[in-house]
Every structure is written in C-alpha cells, then in structure tokens.
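Place chain P on chain F using the hints.
Top to bottom, those sequences are chains F and P. Position 371, counted from 1, in the first sequence is what full-length UniProt numbering calls 371; the numbers after and before it change by one each time, with no gaps. Position 716, counted from 1, in the second sequence is what full-length UniProt numbering calls 716; the numbers after and before it change by one each time, with no gaps.
Hint data in this document are derived by calculation from the structure and do not stem from the laboratory. Backbone N, C-alpha and C define an ideal beta-carbon position, used for all residues, glycine too.
Heads up, incomplete: computed chain F residues facing chain P, CB under 7 Å, no partners named: (1) A646; (2) G656; (3) T659.
Number of protein chains: 2
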Amino acid sequence: MVWSTLAITFAALAPSVRAGITYPDCTNGPLRTNLVCDRTAGSSARAAALVAAMNNNEKLANLIKCVLFTSHLSCSADPRSNSPGVSRLDLAPYQWWNEALHGVAHNRGITWGGQFSAATQFPQAITTAATFDDPLIEQMGTIIGTEARAFANAGRAHLDFWTPNVNPFRDPRWGRGHETPGEDAFRNKKWAEAFIRGMQGPGPSHRVIATCKHYAGYDLENSGSTTRFNFNARISTQDLVEYYLPPFQQCARDSKVGSMMCAYNAVNGVPACADSYMMDTILRKHWNWTDQNQYIVSDCDAVYYLGNANGGHRYKPSYAAAIGASLQAGCDNMCWATPGTTPDPTSAFNQRQFDQRTLDKAMLRLMQGLVNTGYFDGPTGQYRNLSASDVNTQQARHLALRAAEEGIVLLKNDGTLPLTISRSSTQIAMIGFWANAADKMLGGYSGTPPFRHDPVTAARNMGITVNYAPGPLTQSYFDTNQAINAAQRSSIIIFFGGIDNTVEKESQDRTSIAWPAGQLSLLKRLSQMGKPIIVVRMGTHVDDTPLLSMPNVRAILWAGYPGQDGGTAVMNILTGRVSPAGRLPVTVYPSSYTNQAPYTNMALRPSGSYPGRTYRWYNGAVFPFGHGLHYMTFRLDVGEFPTSFAIADVMNSCRGTVTYLDLCPFPPVSVSVTNTGARASDYVLLGFLAGEFGPAPRPIKTLATYTRLADVPPGETKVAKLEWKLESLARVDEKGNRVLYPGTYTLLLDQPTMANVTFRLTGEEVVLDQWPQPPA
Amino acid sequence: MVWSTLAITFAALAPSVRAGITYPDCTNGPLRTNLVCDRTAGSSARAAALVAAMNNNEKLANLIKCVLFTSHLSCSADPRSNSPGVSRLDLAPYQWWNEALHGVAHNRGITWGGQFSAATQFPQAITTAATFDDPLIEQMGTIIGTEARAFANAGRAHLDFWTPNVNPFRDPRWGRGHETPGEDAFRNKKWAEAFIRGMQGPGPSHRVIATCKHYAGYDLENSGSTTRFNFNARISTQDLVEYYLPPFQQCARDSKVGSMMCAYNAVNGVPACADSYMMDTILRKHWNWTDQNQYIVSDCDAVYYLGNANGGHRYKPSYAAAIGASLQAGCDNMCWATPGTTPDPTSAFNQRQFDQRTLDKAMLRLMQGLVNTGYFDGPTGQYRNLSASDVNTQQARHLALRAAEEGIVLLKNDGTLPLTISRSSTQIAMIGFWANAADKMLGGYSGTPPFRHDPVTAARNMGITVNYAPGPLTQSYFDTNQAINAAQRSSIIIFFGGIDNTVEKESQDRTSIAWPAGQLSLLKRLSQMGKPIIVVRMGTHVDDTPLLSMPNVRAILWAGYPGQDGGTAVMNILTGRVSPAGRLPVTVYPSSYTNQAPYTNMALRPSGSYPGRTYRWYNGAVFPFGHGLHYMTFRLDVGEFPTSFAIADVMNSCRGTVTYLDLCPFPPVSVSVTNTGARASDYVLLGFLAGEFGPAPRPIKTLATYTRLADVPPGETKVAKLEWKLESLARVDEKGNRVLYPGTYTLLLDQPTMANVTFRLTGEEVVLDQWPQPPA
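This is chain F alone, in the form it adopts within the complex:
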C-alpha cells in the first residue's frame, strides 16, 4: 500500500468526493425479494443468491478493478476507482481499500469531515506490542472497529479495513517494522488474536472486516536492486512454519479473520498472490479457513507485478495471464494501481485465464464478506446504530493514553527517574526534533486525531517551566547554540531523539541502524555540561551503545510512535505519575549487525559468519527482547509445579477438548509477584522456554507465555497465572511438522531470568500438526 502522506494529500484535494458506502435498500429496492435481504437466512445462502442475480459482466466489473490510480501508487479520488456495484440491483459502488492500522486512517475509501473530522489515533503496533497487555489490545481493536463502523454508517468509509500488519519484524532495517507487533512470532500471534477479536467483534457478525497482511514473508522494502515488488524470499519450510506463519495461522484458523492480503514478494519462487500452495493448500485447506468463504485481497499492484513489468516478478507474460493466475490460485480481489495499463478481467476471462467457477467463487466470497457485516440487514442491523457519538469518546482517549504509558520501555536508569520537579523552581530543558513533534507521533497509516499532545505541550500543561530547543535529525550541520542555551538555563536536560518516518517508512528501509551522528554530537556537547541528561528515544530502534558510556546520560526511555497523547504519556512516566512497565518487543541490535546479516537472508538460525536473527538465535544484543526496567524491584516466587509429565498423559488429557492439538492447554504456572519497592507499578511477567528438547540446533530461548499484572501496590503480592498451550512447548521440524518432544524444559521467568521452573516430558514424541509439504 502507498504511504499515507499521499493519501492525505488526495483527501485534502478532493473533499467533495464522498467515498463511503451506501447501504442497499432491502425494503423497497430491487433486492428486496432476493434472499440476500433475508436476515433469517445463512450468510452463505444469502451471498449465493446475490451472485446468482448478477450476470458475468457485472461480476467481472466488480471483481478486479477495485482501485483506479491516476499516477503510480497514488490513489485517485475519482469515484471510478471504486468497484462500480450493480446499478440495476441498486448495489452501490464500493471501495475495498480502507485503512485503520492504529486508528481510522486517511486513504481513498474514507472521507473525513464534519462530525468525522477526527478519530482516535493509538500508538503504533510496535509501541502497543511493548505493553504485553492483550486485554488492552482487544479494547483498542474494539474502539478502532467501532469508530471505523461509525464512519461507514455515516457513508464515510466502507466495511473492510486492511489491518493488522502481522509480519514478524525480521530485520531491524525494515521501514515498516513499526507497523507490526515486533520480532517474535508468538507475540505477534497473540497481539493479532486480541486485536481481531476486538475489531471484528465476538462474531459471527463482523463489526468491520479485518484484513491480516501481508501473507507471507513480507518484510523488506528495498535492498539495492531488490524491492518488495520483485523480491523472492527463500524460506525453509522449518522457518516458514516456525517463524513467518504463526500470526497468519492465528488470523485464519483460530481467529477466523474476515480477509487476508497476499503480499508483493515471492516465497521460494512463487509470487504470493499467485501461490496456490500458500493460499489454497495451507490457508484454506490446512487451516480450514473456509467456514465463511472468507476472501483474499491482493496488495495494491501485486498482481500487476506478476506480469511482465519492469521491476516486477515477470512471472506471467501478460496482465491477463497475471490476473488469471492470481484468481486461479485463490486471490479474490485485486487492487490494481498502475497508470497506463488497463486491467481487463473480461478479456482475461475470455482468454480462459480463469474459469467460471473461479469467478463465481471469488464473487461469492466478496459478497459474503459484506453480508457478514450486516450490509444487507437494513437500518436495524447490528452495528448500524454506531454513529459520530461513538467516535473520540472519553473512554477512547483514556485508552490511547494508557496504551502509550503501558508501552513505554525504561531502557536504563541510574535512579534519576522518576524526576522530582518543583513547578516553582525547576526548569527543564527539552531538546531535540522529537520534543515538540506533534506531527510525528502517529507513524505510518494515520488519520487525524482529536488532538496531538507532544512532550513539550504536555510538560507545559503540567505547569512545568520548559526551555525548548530544536535538534538535528540526520542533518550534517545543525546550529546547536539554542540547545546549549536552553540547557544552561535548566537543571535537567531531556533529549528527544532517534529516528522518525522520514528515515523509516513504507518503501524505504534503512541501511544503518546507528544513532544519527548529528544527534550524537549534540548529546556529547550537552553531556559535557555536567547536568543530568534523560534521553527519550522515539521511532524504531537505533543502537544505544554510544549513550551507555556517555557521562551524565542518566536514563534512557523508548516510546516508539506513541500516538495522539504520546507526549502526555512520556511526561507521566518521567515524573512518576505512572510507573514504566513496558518490555521491548524486539532486539536492539548493535549497528555492526547490518554488516553481518545480509538483509535478504531470511534464515533465522545462525550459520558460519551469519549471526542469526531475533533473541531466539542471536546472542549479541545491546538490549535484549523483553528488556524493560522499573522504578522499583519485584520478587518472584514460583508455585508448585510438576517435575515430570508423560507425553502420553498430556495427550490423553487433550482428547475431546480441542480440534487442534497445538491448542491443548498445558497446566498453568502460578507465580507470586511481590512489589518490594515503594510505589505501585504494573509488572509484565514473561516466560521463556529453554532446554534440551527436539533436534539441534536449539534456540537460546523462546517466548512461551506472558501476562501483565496491573498496579501491584508497594509491599503487596499478586499471583500471576501463566496460561499456555502445547504450541508453546512444541518445536517445528525440518518438514514443518509441529512436534511435542520428550526432553528437559526450563521456563525462564523475566528478562534477565529471575526465577525458573524445570520439568521433563517423557515418552515418545507426538506430532501435533502434520504440515502439508510444498510442491516439489
């Protein structure tokens, strides 16, 4: 998808072109006698009846040309870029492209204005992932889905939204890593589970349709001449099942998401949007993602790049062949985004590039998706009463603030934090390009928030005397006099730095993950003044090594992209109104890592000079995955737990309880968490598995379970119950089978490990999931 700045431009240019839904008139319109308008029928029968009423020309017109672009990768405000609908049936035009990654966003399908001039903008996924608070993620999903549906009900948006982005954040260079819940497959899976449950609602009807993207192996924008449009990701079956697919399995098999998006890249030679093994054998058949005839949408232009295009895969000799290959492989809806080409499904159909059954099936899936949202249920349908009063509620504002507070990670602290600030006598220097960067806090795919509270604004709202000065981003020359001056007048220096979406963004990966040199120079000068310096780092991660040995840098905080109230959150943490408890959802790599690990190497395991990827395999982190300090200390006491389980008994206890053996619960571990400090704090309890089980090489450790305890009072104890399932104990073999092995398992609690539990599994190994092998 294209970057949001362009979308904003177009929305601004063409405010008069409304791009939202018009609900069909099921009472008096031509469909009133069609079964699709009968709320008492099943959604599959309703959609089939609608498709049966359409002729092939109508089907073909609505199948493919879902977006019309006027220039490469920029969305047209021309209403013709919508699917045209079927006027004969009073089926209005529909735009399948709507975005809501962390709040209703600007893009072609959504018309902002009037009572809908703002929507809640939560922190980016990388920041909310750091909360490790899945009930909060579900609440956030509920609010985003509610606001999105309210926009749609007012005719200002449509009913499907291309969110969440759950590709594991494999390499720190990726420009879109901040859109995801981080580097760990299990964390991404759990985040997706909570988000989709919130966004789509408890089912079977959907508040809105969520779309899990990008299926699969997409995590590179550009690396030399390799781009996302032509990259062939070579992924072993083991890595695919173990690392790249778990979030998508969650979306499809377990969360029954309404839609999935196929990616730009190829996997092992086959472009994702033409890969019947991935879309049919795995996604639909192995994961049983067929209960509601859910549909697959292509990323914008992915099918174009299948064809004989410059910079693409050159997988098919013509656009007609590309369209046919994609539909036949299981994609149902194509976002076509290239000017100067005319995607022509009719001629592709006439050339027999795809068949009648495929056409009907794709149309059925799309229409059933709309049926499931209540599109044909009339004005008393579920979710139809959501309106402007459900947008930007007080509850939503509170949650956006809390999400940011919970996601902030304290990387270093020598006791300087929390700050004690006297309003009358303390002056604070707030220095750096992020300090007052209200426009930067949202990150990619954003909408207009009801307000933007940057740190300087938040501090002044608290009555703090602030001496603000700008700082450089990546400029080689920057006048630092203003910064030095502000620091001189202050007793504490808070430096806001790192990177932003001018450095990392969609279509733009980084080549370096070092701190920008100009910022380091300024920090060095400030550090020579002898005053305490707090560094608040924003954006995705850079290597903090230079700061760790820099004198007077007393504390480092990471806030990512903290959303509409991010400045308030940062100030609440700094001043101790809220205690930090977030944990890194990624590894902070040293800057040398980008020289050791070729960006295009998809392997997770180390070999030779290749260092491997993620905390599971890579050993040299600056800050490890799961790192996060508190303002006080905690003590862990592990409850009684068995020392041994016979695998036969474990499997017997699963019988009759679950459809999929990997979802069978394993006995939970109880841990008493005592706050031994002097102030209340949340506490994230992470449980990693390590040990001798399954074939070598074995990972260093693997996140297996976690929970977040809210607000543990000083001196008090709360009991955390760590729930988990067999999936967390299983390993994936080279054929992709998920296997429960005998061996010794140690659950390591917290990062670094503060306590552990060891137990054995005995007996014969058991295959929990037999993986369908790829075509030879």
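Chain P only, in chain F's frame:
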C-alpha cells in the same frame, strides 16, 4: 454413604488405628524395576505393568472388599476394612473411602490428630452455590484438595475423595439437598467445573482424585416404604439429558474427573451400579470418559442391594451375581457395607459372573487412578511437598469467611438493614436455637474446623452487647420466658431459626417444608412487642409466607450452612461491614407444594394437577430461584447486541474451534452495571433465556449465563461480560438430542427482570449432540 456422626464416633473410638496411605518405595522396593515406578512412562502403561505383576488372587482381593463394616452401615476401624494391597509387591493397604464435601471430613479413610487435628470447613455447597462466584468455588476446591493431599502425605488420608455431590436438588424435601449446588442443572454444572478444576488441579496429574456423585437420578432418601436402596426413578430421556445429567457430563466429558460414583437407586428399572447403558454407553463411550481409564466406585452397599436383600432392588438372585453384574456393567470398585454377608469376588469370578478382561480392566483403572496422583512417583513427585503448613492457612480462613459472606441471601428488607449499632448504647437480642449453634454450622460430611464462630460469639467479638436466649427447633413445648426477657432488654431482635441436620440429613428426608410451628409461635409473641425483628434463617429452606405478613418482621436473611466462620459472616452482613449479594440457588416453595407434587414423581414439566419442578416450570414460588436483595440499587444498561443470527453462520463460526458443538461460544452480552446506591457492593448478574424456540411445552425461563462483579463502588459503573455457549441456547428433545432451534430468544437480566435483550435465530435447526437411545 453413611452419616458423618457415626463416622466421627468411630474415629474417636479408635484413634490409634492409622488409616492413611503408605507410599510405595520405588527406589529400593520390589516395584523399583516395574514400569509403574518409571515416572517418564505414560500412566496407562505404568498401571498396566503393575497389574501384570499381580496374580488373580491379588487382583480379586483388592477389587471388591474395599470397606469392612462391623454393623450395618457403620464403618469399621479394623484395618482389614482397607483393600489389603499386595505385601509381596510392597503395595500397602489402601482405603478408597475418603470424604471432603466442603473440607476434609471425618470418615474411615482419614485419621485426625497431631498437626492434623483441624481442617478448613467451608460452607455447605448450597451456600457456596448462592455466591454465583465460580472463581471463588475454584479457589475453595484448590484449598480442599491441598489440605486433603497434605493429610494423605502425612499418612492420614488416601488419595481419592468422594466429592462433589452434584445431583440437582429436585425436591425441597430431600435431606441431602444442602450438599448440592441447588436445583438448577446449569448452576450445578458450572459449580462442578470450578470445584473439580480446583480440587484436582490443572492436570494431567491430580492433586487428589475427585469423585462426582451420585450417578444418576439420586435425590431421595425415603418416602414411605420407598428408600434410596430400592427406589426406581422413572425418568424420561428428555428429563434425564436436560436435567439429571448435565453436571455429570461436565464432570466426565469436560472436566475429566478422576472418578464417578454410581448411585443406590435404579433408573427406569436398572439399578445404577448395574446399568451398562448409563456407565458404558453414555458415560464412557458417548462422553469419551476413557482418556485416563477413569474408574467408577459404587456407593456403599449399592451392590449389596442389587442382590436378593430385604429393602433392596432384588435385581440379582445372589451377591455373587450382583458383584458380577456390577463389574460387567462398568463399576470398578465396590464399597461393601453389610455385616453378616461375605462378599466373595473369588467365587463370583469362579462362577464366571465376570470375566478376566473385566477384572483386569477394573484393576487397571484403579491403579491408574493412583498413578495419576503420583503415588508411585517417589518423594519428589508433584504435590508430595504439601504438609501441615498448607492446612488452615490464613488464606484458607479468609476464603471460608468470604464464601459465607458471598453466599448469604437477603430475602426481605424494609430498610432496617444494615443495622446501625452503637456499642455503648444498643443492646441486641439474639434469640433462637441457631444463634449460638457452633456445632450446627457445618452441615453434613464435616471435619473438625480450626474454630467455630457462631453468631453470638461473632457479635460479642465485635463488642456488641448481646442478650441471648434459646428457642425451640421442633419441640411442641418450649419455655419462651427467657426469649421474651432478652427481647425486653433490647432495642433490636435478631431471631435465628429454620431447620438443621436433625431435621434434614442423609437417610432422612422431610415430609413438611413449613416453618416449625414452635418457632412461629415464639416469633408471633416477639412481633407483638413492637420492636424491629430481623430473621436469620439457617439450614435448607422452609416456607417464609407466615413471616411476610407478620408485623415488625423487618428483614429476612438466609445463610444455609455457612461453615466455620458463618457467625462472623452473618454479623458482617447485618452490620453492613459487607453488603449482601447472594442469590437463591433454589426455589423457596410454599408448604402446600409437598401435597401437590408426589415426591417420587421425577418429571420436571407440569401436567394436570402436577405443578412441575424448579423455577423453569413451577410458577408459585414464595421466593424464586435467583432472588436476592441488596442494600442499594443497581442500574443495568445492555450493550449493543445483534438482533438476529442465522444458525448456519453460528455453526460455521464453530467449525474447527471445539470438539463438542454445545461448547461452541456464542457472542457475549456486555452489560454496564451502575451502583446507584451509597455503598459498595458485589452484584450477581443472572441471565435467563426465555422465548419461543423449540417444541412446546417451553420452560418459563432457563439460567443461561451469569457472573459476579466484585465490589462495585457507589456511583460507579462496571461492565459485566456475560459469556455463554450454545449449550445455553439449545433445548433437549424427547429423544434426548440437544438441538439449536430457530426462534425468538429473550435474555432476561436479573431476577426480577431489570433489562432484556431479544434476538432471533433463523434457518434450520441443528442437532448439537445426538443422544444414544436407551435399550428397548
């Protein structure tokens, strides 16, 4: 089982005879080379290896004569009443009879004394059921299981306990109704689920083995010449599946309980302990209760009464034939309790009353039960470290108090409660046989508690000036001068009355459910004094009608059997330290009900002059199921909920998520609960389904979902999320199939209804569970 008073007597008479387990020596003993001592093997293989090492004489000796009685229905302290074990294999004697209904109890298998002279005694099930707080029930189960295992580890008990009692409380006359969670099948099911999860632990190992009793249709002690030993309960397949079996399905199919007990009575002509349809076709095959080869134990003497005995079923012509019939039908372990007969499994075996396969299978099941508890795991096995320090903990005492407080139900209040008591100037009259009845508060199947706080003791501990006077129970003459005198000196009268375990108990049903006449006479005299009267009613229910029109009876509270700290709980509620929020888990019937409904009629539905049973079918309650007042008012606001679901969509959304369709989640209903009063209070939100779905006659309403909100502050709102599954929407047809029908469903919130949600299910009906038909 026999009543606990006798068991207490025997325990007291023979304190020197220890009746607890001795763990086998798996390091140096003769079993050290047997696979049963190999913790790494599966429990089934371990148990099979042990059974393979036993000869038939050893198997037969350990199979049947599990309890030796010296007189009819009284348990012998003679160690020969234990199963003898196998000395050749160093397998010690074992006693399968241990009780822990609401705390470790007195009976043959348990030796009290030393550090184990007391154990936590929770309220009876009828009182904890009134909490509608399933997390509390789970915690209670955990504590009971922990204390029971600690007794066993110390060689003072064994590893299986005959609890819970989950027969639905069908008729108010039943003497053991207070041992159960009440009259509703769904409530009993949920109570059992929580209790077993706590008691057995999260699995696959068992803290102790729980035993769900009595399977099935047992809810009558005696009615004229009909006794539990010869009663043939005639139950339609529809009533059986809909009402009598759901708790047992929960135990077996879903909670995978370690053991079940077959009942005394017959169902439709076949005594329960000889019924292969019930024990094999339903329990083991249809409910898949075979994953751990779980065993069935007979109630004590149930097999004896199968034979040609006076007062029994006369189902078989000899005890040998009775033994054979029971084993062949699926019972594995028999409690034989009749003196003067010599149960002789060897001769039954030689007569081919049961076969080798049956013998081996029963022994395997029993031994695997012990393997599952870690009996053969050596001193480092799970749960082996539980000791005296885990008994009567502070946490357990708190929970016993809280369970009583949460279970107390406010039946009537004109605003007099909570009482404002000035310690210096207010004198309170506490009158009645229950007021200081420390010995009565525990109810049937009790052990020795660490203390017994009756109401008078609790009030005096609070510094209240109490004028105590006794009152009658069922005496026709009672001197009331003392009571009148106490009332004259006091400004408030609290009357403690109702019935106790001398009126209702095991082997003794009631014939009347009216308030005892002598107590009413005294109450009338007190009411003429013009002082406010609070009635605290204990025991199971009597008809409160006379009190509702009696002048000056300002409030009525029901506390059941509130356990070791029940008096404190009552006083905390009366004085407003704790707000009442319990709800009746039974219907309070008018006393005329016992004339209208023949006790032996098992039908639930009304017909002709037969009034039907439970709140689902009976319309004339004094206080209905679910009734319970508060000290303040609540407002309910129901969240958005769909108005219609197509059954096809609902079923599609289940696909791949559950093994059993009745366990498929249905979308939850969110309800905002606002405390509009001036003090904090818990709030139980009950959701009943009513409407037009499934065949007539239709129930008035049916409990479908509930939750308990803790501590809603005054003026504040908490959101209750009512979770439910398709089981709650389904009805049972005449063949016993559980069916999801199209129709109009209304969820009625609270009792009486304060809000409701109506939705439709549309499309074709779906069978969620196809019931195996009984033999013709």
